[in-house]
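Student: Sequence order for the protein chains is P and S.
For the first sequence, counting from 1, position 761 maps to 761 in my numbering; every step adds exactly one.
For the second sequence, counting from 1, position 116 maps to 116 in my numbering; every step adds exactly one.
Among the hints, a few may not be true.
Since the list gives no way to pick out one identical chain from another, each pair is judged satisfied if it fits inside one copy or across any two copies.
[Said to hold, decoys possible] As a list, the in silico SDA-like pairs of lysine to any residue whose alpha-carbon atoms are at most 25 Å apart: (1) K175 x T189; (2) K835 x S153; (3) K773 x T146; (4) K690 x S788; (5) K521 x N807; (6) K773 x A784; (7) K704 x I643; (8) K521 x L808; (9) K690 x L831; (10) K828 x Y696; (11) K690 x K828.
The hints are simulated quantities; they were obtained by calculation from the structure and are not laboratory data.
There are 2 protein chains.
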Amino acid sequence: MRVSGVKSESSSMQSEKLRCLARDISELGQQGTASSGHDPGPGPGGGLCFADGCRRVDYVLVYHSKRRQSQHRLSVVSNGNVPSQSHTPSRRSTKGDILEAVLEAGLAMEPANELQDKIREEFERGLQEEGLEIEHDKEMRTVRFTRLHVPWSVLSREAELLKIRVPTKKTYQLKEKTGLMGVINSFWTKINQLFQPGVPEPQDPRTRVLSQPFSRDKLHLVIKEHLQKVYEILRRTACTQTCQTMGMFLEMSNLQMPYSFKLDCIASLLAKGVYDSAFPLHDVSFMLHEEWANYGACYKYQPMDLIRKYFGEKIGLYFAWLGVYTQLLIPASALGVAVFLYGCLTVDTNVPSQEMCDERLNFTMCPLCDRVCDYWQLSSICSTARTSYLFDNHATVGFAIFMSLWAAVFLEHWKRRQRCLQHSWDLTGMEDDEVRKSTFPHNVILYRIIVFAVMSMNPDHEAKANVRVTVTTTAVIINLLVVLVLDEIYGAIAAWITELEIPKTESTFEEHVILKAFLLKSMNAFAPVFYVAFFKGRFAGRPGDYVYVFKDFRMEECSPGGCLIEVCIQLGIIMLGKQLIQNNVFEIAIPKLKKMYRTYKEEKDGSADEEDKDSKREPQRWDLDYDLEPYEGLSPEYMEMVIQYGFVTLFVASFPLAPVFALLNNVIEIRLDAAKFVTEIRRPDAVSAKEIGIWYNILSGISKFAVITNAFVISFTSEFIPRMVYQYLYSETGTMHGYTNHTLAYFNTRNFKPGTAPHDTDFDRQLRICRYKDYRDPPWSPEAYQLSKQYWSVLAARLAFVIFFQNLAMFLSMLVAWLIPDVPRSLKEQLKREKALMMDLLLTEEADKQCTQSHPLTTTNNDVVIKCLGEGSSEDVSSIWQVST
Amino acid sequence: MRVSGVKSESSSMQSEKLRCLARDISELGQQGTASSGHDPGPGPGGGLCFADGCRRVDYVLVYHSKRRQSQHRLSVVSNGNVPSQSHTPSRRSTKGDILEAVLEAGLAMEPANELQDKIREEFERGLQEEGLEIEHDKEMRTVRFTRLHVPWSVLSREAELLKIRVPTKKTYQLKEKTGLMGVINSFWTKINQLFQPGVPEPQDPRTRVLSQPFSRDKLHLVIKEHLQKVYEILRRTACTQTCQTMGMFLEMSNLQMPYSFKLDCIASLLAKGVYDSAFPLHDVSFMLHEEWANYGACYKYQPMDLIRKYFGEKIGLYFAWLGVYTQLLIPASALGVAVFLYGCLTVDTNVPSQEMCDERLNFTMCPLCDRVCDYWQLSSICSTARTSYLFDNHATVGFAIFMSLWAAVFLEHWKRRQRCLQHSWDLTGMEDDEVRKSTFPHNVILYRIIVFAVMSMNPDHEAKANVRVTVTTTAVIINLLVVLVLDEIYGAIAAWITELEIPKTESTFEEHVILKAFLLKSMNAFAPVFYVAFFKGRFAGRPGDYVYVFKDFRMEECSPGGCLIEVCIQLGIIMLGKQLIQNNVFEIAIPKLKKMYRTYKEEKDGSADEEDKDSKREPQRWDLDYDLEPYEGLSPEYMEMVIQYGFVTLFVASFPLAPVFALLNNVIEIRLDAAKFVTEIRRPDAVSAKEIGIWYNILSGISKFAVITNAFVISFTSEFIPRMVYQYLYSETGTMHGYTNHTLAYFNTRNFKPGTAPHDTDFDRQLRICRYKDYRDPPWSPEAYQLSKQYWSVLAARLAFVIFFQNLAMFLSMLVAWLIPDVPRSLKEQLKREKALMMDLLLTEEADKQCTQSHPLTTTNNDVVIKCLGEGSSEDVSSIWQVST
C-alpha cells in the first residue's frame with residue numbers, strides 16, 4: 001500500500017490528534033460514562049479523515065459529475081450537528097421529498113443527469129438528517145467523492161437497534177485440563193504454537209470475555225481497554241447497515257408507491273447510476289500484511305480475528321473455510337501419496353501386469369482401426385499396464401472409502417469450526433439480515449442467468465487445451481452436445497423455478513444464481529472426465545461389428561491400457577496445470593494488465609478534461625482506493641475452490657494424487673487471495689454472515705455425488721471387479737494367473753467385414769485368430785460373439801459392488817456426521833458457563849435494584865453494587881467471577 | 001373426571017372468590033400497573049386451592065410418612081410472606097444447611113427415614129425462602145401431600161429471568177389475499193371449517209398478536225384481556241422451571257461437594273425417595289373433553305392451542321405430530337387403494353398368472369419335500385398366483401417411488417408445521433433447557449439399557465402368534481439368533497458409546513436410551529418380515545441338491561406362489577390385527593386392570609392402617625389425582641407410532657394397503673391417547689420443547705432406509721424384474737407369453753439323491769422330467785444344473801434396478817426437501833412484519849425517551865408517549881399499527 005502521502009503530513013498532526021481525542025471524550029461523556037475516548041484509528045490525516053483531521057472517513061461514495069453543473073451546490077463540509085427537532089422520527093420523512101422530486105422530474109422531462117443530481121442531493125440530505133456527517137470535495141473534478149462520518153451517537157443507536165453483541169467487563173477462566181489429558185493438551189498447544197501467526201494475544205488464552213447485546217445504558221459494563229474494540233465493532237457493522245434499516249422503513253411506509261420509485265439502499269442508487277461506487281477506505285495494518293498476505297507465512301494459521309476485524313464476517317468465513325479445507329487436505333494427501341507408493345512398491349508382484357508384459361504368452365491382438373492398422377502384440381503396451389496399476393490397485397478401493405469419510409469429516413469439522421467462530425465473533429444471537437431485493441426486476445434474473453450461461457459455455461482456454469490432449473473430435477462433439485443439452489434442460493428448469501417463485505430477498509436471489517452458475521460450471525469442468533471414465537469405448541462394438549458414427553468414423557476407444565489411465569492423465573493435467581496457470585496467469589497477470597489499461601484510460605480521459613488538470617494535488621487515500629479494482633463478491637473465489645473440491649472428491653478413486661495437488665495449490669491460493677484483498681481491490685463492505693450459506697449445501701451435494709461416482713469408477717473404470725471375480729469364481733488355482741487370457745475374447749479373422757481387415761501386415765498372413773478385450777463367446781461356440789456368461793456375472797458383481805460401496809459409504813458418512821457433535825464439547829461447556837454467569841448477573845442486578853430501592857442514593861455506581869451485595873451472600877459471586885481490573 | 005366433589009362446595013365460595021380477586025389486584029398493584037387482577041382458574045374450591053380457598057394449588061408433592069413421626073413439625077399453612085432481608089440472594093444459602101444435615105445424619109447413624117424427613121424439611125424451607133407458599137395436610141395420614149402455590153412475584157421474576165415470551169397489546173392484520181388466490185383461499189377456509197374443532201376463536205383469525213419477552217417494567221404493554229393468559233403462561237412454565245434454575249445454582253456453587261450429596265431438583269428428591277411423586281393438579285376444561293378426547297370428534301382437527309395450554313409444548317408437539325402424520329396418510333391410503341384396485345381390475349389380462357392357471361400347459365413340478373411329497377401341477381396354485389398379482393404389478397413400482405417422495409414430503413411438512421407452531425406458541429427465542437442429569441450415575445444407564453433389552457427380547461404375544469402363522473421353526477430360530485447376535489453387537493456398541501461419553505444432560509441421556517430402545521424394538525418388529533422378504537427360500541438349493549440343516553431338515557422355501565404373498569399376509573396381520581389388539585387390549589383393558597389392582601392394594605394397605613380410618617373425608621382433587629396412573633413420558637407413544645411408520649414405509653412395495661390400515665388405526669389412536677392423558681393419568685408437568693427431538697432423526701433414518709428396502713423388495717422379492725428382462729431380452733414375440741416356461745428349470749428325475757424321490761405318486765411312474773422355479777441350465781447341457789446365463793442377466797438387471805431406484809428416490813427426496821422451504825412463505829412474511837414492527841416500537845421508545853428528557857415529567861404513561869410522538873411524524877406509526885383498545 002502506498003502510504004507515503006501520510007508521513008509528510010504527520011508532523012503537524014500532533015495537536016490535531018489531541019483535539020480529536022478531547023472531542024471524542026466529550027462525545028462519550030454525553031453517554032453517561034467517565035471512560036476515556038476511543039482512538040480514531042492509526043492517526044488522523046493521510047486521507048483517512050475529514051479536512052478537520054478529526055472525524056474519520058467511514059465510507060466513500062463516488063460519482064461522475066457531468067459537464068453542466070452550474071446549479072450544483074458547493075457546500076464543502078457540512079455541519080456535523082444535525083437539527084435537533086428531527087433527530088429520529090425524521091427517518092421516515094425522506095420519502096415524500098424523493099417522490100416529489102421523481103415525479104417532478106418525470107413531468108418536466110428533465111434530463112437524466114439532473115434527476116440523478118436531485119436524487120443524490122435528497123439522499124445525502126436524508127443521511128444528514130439521520131445524523132451522519134458529510135464532506136464533499138473542495139475542488140471541481142469529474143470524479144467526485146462524498147465522504148461520510150458516522151458519529152458515536154448514531155453508531156450506538158444503530159448498535160442498540162441491531163442488538164450487536166460487544167465484549168463486557170466480565171471475564172471468566174477456562175478450566176485447565178489435568179492429568180494425562182492436560183499433558184497432551186499442553187504438548188499440543190506447544191506444537192501448535194509454531195504455526196500460530198505472530199499476532200500479539202491480548203490476554204491469557206484461557207481467559208474468555210462475556211459479551212452482551214450493546215446497550216447505551218450498560219456502557220459502564222465495558223472496560224476501558226475494550227472501548228476501542230467496541231467502537232471498531234460498531235463502526236464496522238452499524239455503518240453499512242444504517243442504510244439497510246433505513247431502506248426497510250422506507251419500504252414499509254411506501255407500500256402504495258410504484259415499484260421502480262422505491263429508494264432502498266445504496267445498492268439501488270448504484271444500480272440507478274446515481275453513484276458510481278461506494279466503499280470504505282483501506283487502513284490495512286502492518287500485522288495483516290506481514291502475517292497473512294505474505295508467502296513467508298504460508299505454513300502458519302491465518303490470523304482469523306484480524307481478518308474478520310478488517311473485512312467483516314463474510315470474508316472472514318471464506319478464509320476460515322479455505323483454511324479448514326487446506327488443513328484437512330494434509331491427511332488426505334499423505335494417504336493419497338501412500339496409496340501411490342504402495343502401487344509403486346507392489347507393481348512388480350502384480351500378476352496381471354506381469355502377464356501383459358510377458359512376451360512368451362504371445363497374445364496377438366486385433367487391429368485398433370480398419371484397414372490401415374495392423375495386428376499387435378499385447379506385450380507392447382507393457383509400460384502403460386504397469387503405470388495403470390499404480391493408480392488401480394487394492395489400496396485405491398480403501399482410499400476411495402476413506403475419502404468418502406474424509407468428506408463427511410470435513411463437512412462436520414467445518415460445521416464445528418463455524419459454530420466456534422460464531423461464538424467467538426459474537427454472531428450467535430444475530431438474525432440473518434434479509435436484504436430486500438426490490439431493485440432487480442424479474443428480467444434481470446434472466447439476464448444474469450444468460451450471462452452466466454454464456455460465461456460457462458466459453459470455458460478457460462487452457463482447460464480446452466488440456467482436453468484436446470486426450471479427447472478427440474468425437475469427445476469434443478459429445479462434450480458440446482452434453483453442454484448444449486444440459487443447458488437446454490437447465491434453461492427449462494431455471495425458467496420453471498423462477499416462475500415458481502420470484503426470489504424476494506438479495507440472499508435468496510444470490511443463492512439461486514450461484515446454484516445455477518455452479519451447475520453449469522461444473523458440467524463444463526467435469527463432463528470430459530465423466531465421458532472418458534464412463535462412456536468412452538463402451539459403445540465401440542467388437543471386431544467385425546464396430547459401431548460407426550457418420551458412416552465412416554468408428555466410435556473411439558480408450559487406449560489399450562484402459563480408460564483409467566486416460567482419466568488419470570486428464571486429472572493430473574487439470575489439477576496441476578490448470579490450477580498453476582490459473583493462479584499465475586488469471587489471478588496475477590490479468591488483474592495487473594487490467595489495472596494498467598484502466599490507468600491508461602483514466603489518464604486519456606483526464607487529459608481531455610482540462611479543468612481537472614490545474615487541480616492536480618497529492619492523491620488522498622480515497623483517490624488511491626478508487627483506482628483499485630472494485631470488489632466483486634466472493635462467488636468466483638468460492639466457485640474455484642468448490643470445483644477443485646469436486647475434482648478432489650469425485651474422481652479420487654481414479655487419481656489418488658488429487659489431494660496432494662490441491663493442497664499445493666491451496667497453500668499458494670490463500671496467500672494470493674489475501675494479497676489481492678489487501679492490495680489489489682477496494683476494501684469490501686464489512687458484511688456480517690453467520691454461515692457460508694449455499695456453498696455448504698453445494699459441498700454437501702458434491703460429497704454425496706462423489707460416493708456414487710467413486711463407486712462407479714471402481715466398478716466400471718478400474719479392473720478391480722473383473723480381477724476379483726476371476727480370482728474367486730473362475731481361477732482354477734485361486735490365483736490371478738491366467739487372468740489376462742480370461743479377459744480376452746477370440747476373433748476369427750475370416751469374420752472381418754469386407755474391406756476392414758488389415759491391408760498390410762507384419763504378422764502371418766494366414767493368422768486365423770486374434771484377440772480383443774471383451775467377455776464374448778468364442779467363434780466356435782453356438783452363440784458366437786454373444787455376450788458370455790462371464791460378462792453377465794462380472795456385470796452383476798460390478799453392480800453389486802456399486803450397491804455395497806454406496807450404502808457402506810453413505811452409512812459411514814452418516815455415522816461420522818452423527819458421532820461428531822455439531823457443537824464441540826468445550827464450546828458447549830463454555831456456553832453453559834456463560835449462560836449461568838449471565839443468569840447470575842441478572843440476579844445480581846435484581847438484588848441491586850431492590851437494594852437501591854431500600855437505600856435511595858442519587859447515582860448508581862459500582863461501589864453501591866458491591867456494598868449492596870455485601871449484605872447478601874456475595875462470596876459466591878466473587879468466587880465464580882474474576883472481575884478484571 | 002370425577003368433579004362431583006366440587007359442585008357441592010361451590011355455593012359458599014362466591015364471597016371467597018371476591019376476596020381472592022381483591023388480593024390479586026393488590027398483588028399486581030405492587031408491580032406498578034393499574035390493571036385488574038387475574039382469575040385464579042375455573043373457580044376456587046374443589047381441591048384446586050389452599051384451605052383459604054384463594055391461593056391456587058400449582059403443584060403437589062406426595063410422600064409416605066413412616067410410623068415414628070413424633071418430632072414431625074405440624075405447621076399447617078405456612079405464611080405466604082417471605083422474610084424480606086433474604087429475598088433473592090438466599091437462593092444460594094440452602095446448600096450449607098443441607099450439607100450439614102446430611103453430614104450430621106451420616107455421623108449420628110440416623111435411620112434413612114429421619115434423614116429423608118430432614119432433607120424434605122430443608123427443601124421445603126428452601127422453597128419458602130424462594131418465595132413459594134406451602135400448605136400441608138391437616139390430618140395425619142400415611143400418604144401426605146405438600147401443596148405449593150407460586151405467587152405472582154415469584155412467577156414474574158422467573159419469567160423475566162427465563163425470558164418467557166408473552167403476548168402484548170400490539171396486534172397487526174394479516175394481508176387478505178385478492179384475486180383468484182383470494183377466492184381459492186376463502187373457499188378452502190370454508191371447506192376446512194367443517195373439520196375445525198368447536199373452540200371459540202378469541203378474535204378475527206387474521207389478527208396476530210405481537211409477543212415479547214416478559215418484563216415487569218413492561219406490564220403496561222399487556223392488555224387487560226390478555227393478563228389472564230399471561231398469568232397462565234407464567235404459572236405453567238415458570239413453576240416447573242423454578243427448581244431447575246435453583247438446582248443449577250446450587251450445583252454451580254457446590255463444586256467441592258461430593259457427588260451424591262448434590263441437591264439438584266425435584267427429580268433428584270424423587271429418585272432418592274424423599275418424595276413419592278410430584279405433579280400439578282388436573283383442571284381439565286369441558287372443551288378439551290368434548291372437542292378432543294372424544295371419538296365423536298375424530299374427523300376434526302385437534303384443538304392444538306388448548307392441548308398446549310393444558311399439557312405444555314412437549315405433549316402438544318406429540319399430538320401435533322400425530323395429527324400431521326395421520327392427515328398425510330390420507331393421500332397415501334387413497335393411492336394405495338387405487339394401486340390395489342388396479343391390480344384387481346387387470347388380473348384377468350395378466351399373462352403370467354393366466355399361464356399359471358392354464359391347465360393345458362401342464363407343467364409337472366418337482367415335489368416340495370423329500371419322499372412323502374408328490375409331484376404337482378403348477379395350475380393347482382392358480383389362486384395364489386392371482387392374489388399375488390394384486391400386490392405385485394407395475395403400479396406397485398410407481399407406488400413405491402411415490403411413497404419415498406411421500407416420506408420426504410411428510411418430513412418437510414412436519415418441519416414447516418413445527419416451525420409455525422414454534423412461532424404461534426412463542427418458542428422461537430427460547431433456548432433449549434439442558435436439564436442437568438447428575439443424579440443418574442453411570443450404572444443407571446446400563447440398568448436402563450438392560451431393562452429395555454429385556455423388554456425387547458420379550459415381544460408382545462400377539463406378534464409372536466402372527467409370526468407363527470407363517471414362519472416355521474427355522475424362522476423362529478433365525479429370528480432368535482438375529483435378535484441375540486444383534487443384541488450382542490448392540491451391547492458392544494452401547495458400551496463403547498457410553499465409554500466415549502457419559503451423557504451430561506437429561507436430554508442427551510434420554511436420546512441415547514430412546515435410540516437404543518428403538519434399535520432393539522425395531523429389530524424385533526421388522527426381523528420376521530425381513531427374513532421372509534429377503535432370506536426365506538434363497539438358500540434352499542435345487543432338486544437333487546437341497547441344503548439341509550441339522551442333517552435332516554431341508555431349508556424352508558416360500559410357498560409356491562412366491563415370497564411376496566407371504567410378506568403381504570404377514571404385514572396384513574401385523575397392521576390390522578396387532579394394532580387393533582394393541583389398542584383394545586393393551587391401551588384400554590390393561591390400564592383398567594392395573595388401576596383396579598392398585599385400588600385393591602391401597603385398600604388392603606389402608607385397612608391395616610387404623611389411624612387413617614377415622615380421618616376418612618371427602619376426597620380432594622389431589623387425592624383423586626394421586627389415584628391415577630403416573631405419567632411415564634411420551635416415549636412409548638412415540639415408539640408405537642414410529643414402528644408403525646416403519647411398517648408403512650419400509651415394505652410398502654410389497655403391501656400397498658399398509659397406509660390404509662395405519663390411517664384407520666391412527667384415527668382411533670389419537671382419541672384413545674387423548675382420553676388417556678385427560679382421564680387416566682396424572683397431569684404431566686408442562687415441559688416446553690421446541691422440537692420432537694431424536695424422533696425426527698429416527699423418522700428420517702427410517703425414510704432413508706425405506707428407499708433401500710423398497711428397492712430390494714421390488715428387485716428381489718417381486719417378479720417385476722424377471723418379467724421385464726423376459727419381455728425385452730428373451731421373449732421372441734415381445735409379449736409375456738412363454739414367461740412361465742422360461743422361469744422354470746428342468747430336472748431329470750434320475751438325478752434325485754437316493755431315498756429322496758417321491759415314495760408314492762399319482763403321476764406316471766416313468767416321469768423323466770419335472771420342473772422347478774430357478775434359472776439353471778437343463779440336464780442335457782454340458783454345464784447341467786449350473787446357474788444359467790439368464791440367471792446372471794436377471795441378477796444384473798435386479799442389481800441395476802436397485803441402483804437406479806435408490807438413486808432416483810434419493811434424488812427426488814432431496815429435491816422435494818430442497819423445493820419445500822423449511823419456513824412457510826406466509827410465516828416468513830409474518831416474521832419480517834413483526835421484526836419491522838418491533839424495530840418501530842424500539843424507535844418509538846427511543847423517541848419517547850428523548851422526549852421525556854426534554855419534557856421532564858414525574859411519571860411515564862401512554863398519554864405522554866402519544867403527545868410526544870405527535871411532535872415528530874407519528875402518522876406512519878398509527879397507520880401501520882392497529883393498537884387494540
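Student: Need the list of violated hint numbers for this structure, in ascending order.
Tutor: Of the numbered hints given earlier, those the structure breaks are 3 and 4, listed in rising order.
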